[in-house]
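Take a look at the letters that make up each chain.
There are 2 protein chains.
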Amino acid sequence: MEAAKSPETDVLPLDGITVVDLTQVAAGPFATMALGDLGAEVIKIEAVGRGDRSRDIQPTPAYFDTLNRNKYSVAIDLKSDAGQEAAQRLVADADVFIESTKPGRADSFGLGYETVAELNPQLIYCSISGFGRDSPYEDLPAWDMLIQGMSGIMSITGEEGGEPLWSGLPSGDLIAGSYASQSVLAALYARERGRIDGEWIEVPMLDAAITWLTARAGYTFGYDEPFPRLGTHHPSIVPFGKYDCADGPIIIAAGTPDFWRGFCRALERPELLEDDRFATMDDRVENRKELDDILEPILESEPIEYWLDRLHAETVPAGPIYDTKTVWEDEHVKQRELHQIMERDDREDADVIDQPVHFAQLGTRLEVAPQQLGESTDSILERHGYSADELSQLREDGVIQ
Amino acid sequence: MEAAKSPETDVLPLDGITVVDLTQVAAGPFATMALGDLGAEVIKIEAVGRGDRSRDIQPTPAYFDTLNRNKYSVAIDLKSDAGQEAAQRLVADADVFIESTKPGRADSFGLGYETVAELNPQLIYCSISGFGRDSPYEDLPAWDMLIQGMSGIMSITGEEGGEPLWSGLPSGDLIAGSYASQSVLAALYARERGRIDGEWIEVPMLDAAITWLTARAGYTFGYDEPFPRLGTHHPSIVPFGKYDCADGPIIIAAGTPDFWRGFCRALERPELLEDDRFATMDDRVENRKELDDILEPILESEPIEYWLDRLHAETVPAGPIYDTKTVWEDEHVKQRELHQIMERDDREDADVIDQPVHFAQLGTRLEVAPQQLGESTDSILERHGYSADELSQLREDGVIQ
Numbered sequence: 001m002e003a004a005k006s007p008e009t010d011v012l013p014l015d016g017i018t019v020v021d022l023t024q025v026a027a028g029p030f031a032t033m034a035l036g037d038l039g040a041e042v043i044k045i046e047a048v049g050r051g052d053r054s055r056d057i058q059p060t061p062a063y064f065d066t067l068n069r070n071k072y073s074v075a076i077d078l079k080s081d082a083g084q085e086a087a088q089r090l091v092a093d094a095d096v097f098i099e100s101t102k103p104g105r106a107d108s109f110g111l112g113y114e115t116v117a118e119l120n121p122q123l124i125y126c127s128i129s130g131f132g133r134d135s136p137y138e139d140l141p142a143w144d145m146l147i148q149g150m151s152g153i154m155s156i157t158g159e160e161g162g163e164p165l166w167s168g169l170p171s172g173d174l175i176a177g178s179y180a181s182q183s184v185l186a187a188l189y190a191r192e193r194g195r196i197d198g199e200w201i202e203v204p205m206l207d208a209a210i211t212w213l214t215a216r217a218g219y220t221f222g223y224d225e226p227f228p229r230l231g232t233h234h235p236s237i238v239p240f241g242k243y244d245c246a247d248g249p250i251i252i253a254a255g256t257p258d259f260w261r262g263f264c265r266a267l268e269r270p271e272l273l274e275d276d277r278f279a280t281m282d283d284r285v286e287n288r289k290e291l292d293d294i295l296e297p298i299l300e301s302e303p304i305e306y307w308l309d310r311l312h313a314e315t316v317p318a319g320p321i322y323d324t325k326t327v328w329e330d331e332h333v334k335q336r337e338l339h340q341i342m343e344r345d346d347r348e349d350a351d352v353i354d355q356p357v358h359f360a361q362l363g364t365r366l367e368v369a370p371q372q373l374g375e376s377t378d379s380i381l382e383r384h385g386y387s388a389d390e391l392s393q394l395r396e397d398g399v400i401q
Numbered sequence: 001m002e003a004a005k006s007p008e009t010d011v012l013p014l015d016g017i018t019v020v021d022l023t024q025v026a027a028g029p030f031a032t033m034a035l036g037d038l039g040a041e042v043i044k045i046e047a048v049g050r051g052d053r054s055r056d057i058q059p060t061p062a063y064f065d066t067l068n069r070n071k072y073s074v075a076i077d078l079k080s081d082a083g084q085e086a087a088q089r090l091v092a093d094a095d096v097f098i099e100s101t102k103p104g105r106a107d108s109f110g111l112g113y114e115t116v117a118e119l120n121p122q123l124i125y126c127s128i129s130g131f132g133r134d135s136p137y138e139d140l141p142a143w144d145m146l147i148q149g150m151s152g153i154m155s156i157t158g159e160e161g162g163e164p165l166w167s168g169l170p171s172g173d174l175i176a177g178s179y180a181s182q183s184v185l186a187a188l189y190a191r192e193r194g195r196i197d198g199e200w201i202e203v204p205m206l207d208a209a210i211t212w213l214t215a216r217a218g219y220t221f222g223y224d225e226p227f228p229r230l231g232t233h234h235p236s237i238v239p240f241g242k243y244d245c246a247d248g249p250i251i252i253a254a255g256t257p258d259f260w261r262g263f264c265r266a267l268e269r270p271e272l273l274e275d276d277r278f279a280t281m282d283d284r285v286e287n288r289k290e291l292d293d294i295l296e297p298i299l300e301s302e303p304i305e306y307w308l309d310r311l312h313a314e315t316v317p318a319g320p321i322y323d324t325k326t327v328w329e330d331e332h333v334k335q336r337e338l339h340q341i342m343e344r345d346d347r348e349d350a351d352v353i354d355q356p357v358h359f360a361q362l363g364t365r366l367e368v369a370p371q372q373l374g375e376s377t378d379s380i381l382e383r384h385g386y387s388a389d390e391l392s393q394l395r396e397d398g399v400i401q
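The listed protein sequences derive, respectively, from chains H and E. If you number the first sequence the way the UniProt record's numbering does, the last residue is 401 and the count never jumps. If you number the second sequence the way the UniProt record's numbering does, the last residue is 401 and the count never jumps.
Calculated directly from the structure, the hints in this document are not laboratory data. Mixed in with the good hints, there may be bad ones.
If several chains are the same, the list does not tell them apart, and a pair holds so long as it fits within one copy or across any two.
Here are the simulated EDC-like cross-link-like pairs (lysine to aspartate or glutamate), alpha carbons at most 16 Å apart as the crow flies [said to hold, decoys possible]:
1) 102 to 258
2) 102 to 314
3) 242 to 163
4) 325 to 225
5) 334 to 138
Construct all of the structure, not just a fragment, from the sequences and the given hints.
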């Protein structure tokens, strides 16, 4: 028996769970995408006319598509009474409501926690915001780079002696999104066990990002110094980092005595193992410069493929540096079919990245292609009791789209 | 009613769940720490004599402490038959088993999926590895930087025109850890709903990291070009990024027309709003250099505090760049009490970072301070049927510590 990607017919962990999603751009949509992939029905409420702000981020619709499969788009004007009533009907029937509006905004939409908990006491209500309530920054909108700057993530990224740098990965957004989906799952489990009726969860993006400092903060707790920027070096492991071959750089991470021995065999430099300057990890860290001076001309003498073959034969952790275009050409990545195309009627197909986790019994799915604004307004609202006539009237009044 | 940090007496979502943890360093320990914080009892099996490899990473024990609270350390020699029997007894009584050994190694310890599923058909078995089974890289040990290089994360981090750079945040490890805890929660929910008996979950670190590319990959799907390295700029938002004040840099993220207007008010430069070169976001992106030339001397004329006060008064997203030492001095961070001290008998206290998520009804906890190697060997094994005499014998034989 083997853990492998399950066929789409398999049992979905969240089958039967409904999520109403009032989030946009990245943090919230990443969370609700995960819940949708796990089988939840996700109803994405978007503003009439405009929709999720990321629908306009270039390149369109590719940016939006990578975060919004498995969601039904319902466009509602939440500033109107009739729109608020429609949204309340959706939330009244849901298991989960996730919102990332500014603190107080959900209340003004008739979707504040107290209102909604009265309509639906079993609801798991999850609020994602930059800083949460009762923060000195409560009114401050959060953006990924701001969170990276304030959390310390930028300070540990950058060249040695250089400036703090943005990590291109939208960590500030996705860490919060990850905590949101995880916390909703924990609450659903607790509800199923009868430990709670409903729940209110707050995920502050800054706090979430700070918890990922983990051992980087441990450096400061131990040494009372900020974790340094070291480019692609490691403060306590050598050889470790980016090394240039004849045709480009590779990553080598020889972090144990076994890997160091394998590394020297791969380079056919057994004499390094006898060299007192490089005998222990502490020696190699102390004499990093001397070791690099020896290694650099050796590695630069042959191409990437040559060295990766030799290093992999000795099971030394080493690999290429892919960009967002070349990564899809890797043999492993192709084999896993991580890059998927979802077909759409009457418009271009959507490129998406599949879930990475393999369940042996359960499954995840790619079922609903990323939708256009309001694509499911009618079908979802009909299911919640609106007649065709009512929908026509609401559309005429600009309440839905 | 208000979502706020719950007191420790609150109901824990995973109360009554037992997790056996055969992982080390970062990815697995981050996952099991989350489950422990949510209330699971985590039994951490470590090698006799050596323990989790991160116990030796400098600074000790601070590195280890940031990833290992709420775990009971049980030191067992899994190469011995008696040690394997002890581990099997623990796993036979557990709800979850998480391991990050090399593919095949768990089998050699008598803890392979087939063996364990026979002992405990209700077990959720989760394997974290660099590349999973049936990968061309199956035998390759994974390290965070290698995963960052191969997944494309490094390629999108770095100065414009510069080299790909390691993001100092251990994203490769923690993304995998996050997917592991999330997937275990999904499986526990599905088991509680009667949808599965037990489960086998595989989390490949490379695949996990690739899924976080999200909209960065969307850039490539849309433009057929790699997402660029841009230092602290944004490809399609201006003004956005790191700007120098008189006494250091700040982050400004003026990503909407409202923020642009607020930004110009904060700088007392209403004439910029009338300037055709900067009228729309597209204009500002096109004329970024000219705008920066105007903004730089203005921002450099006053200190950080001055500009943040003015920008925050206009609710423009802006903030300081903290490092791993200064972040704890921020007013919000202090108020949230994210940095916690856990007391330990007879040795120095442990510095830890608390969970960021606030539940209104449920709680998370900081209960068991990070332990020394084997600190709970006796108490845990006694509970699983070992007598004091048997434990003495096992200790004498070097099977436990």
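Here is what the structure says about each hint:
1. In the homo-oligomer, the alpha carbons of residue 102 and residue 258 lie at most 16 Å apart only across protomers (14 Å), although the nearest pairing inside one protomer, at 52 Å, exceeds that limit.
2. In this assembly of identical chains, residue 102 and residue 314 lie within 16 Å of each other by CA distance solely across copies; the values are 15 Å between and 53 Å within a copy.
3. For the homomeric pair residue 242 and residue 163, the shortest alpha-carbon distance between copies (10 Å) is at most 16 Å, but the shortest distance inside one copy (19 Å) is not.
4. For the homomeric pair residue 325 and residue 225, the shortest alpha-carbon distance between copies (6 Å) is at most 16 Å, but the shortest distance inside one copy (38 Å) is not.
5. Within a single copy, residue 334 and residue 138 get their C-alpha atoms only as close as 44 Å, which misses the 16 Å cut-off; across copies the closest is 15 Å, which meets it.
Going through the hint list in order, the structure satisfies each hint without exception.
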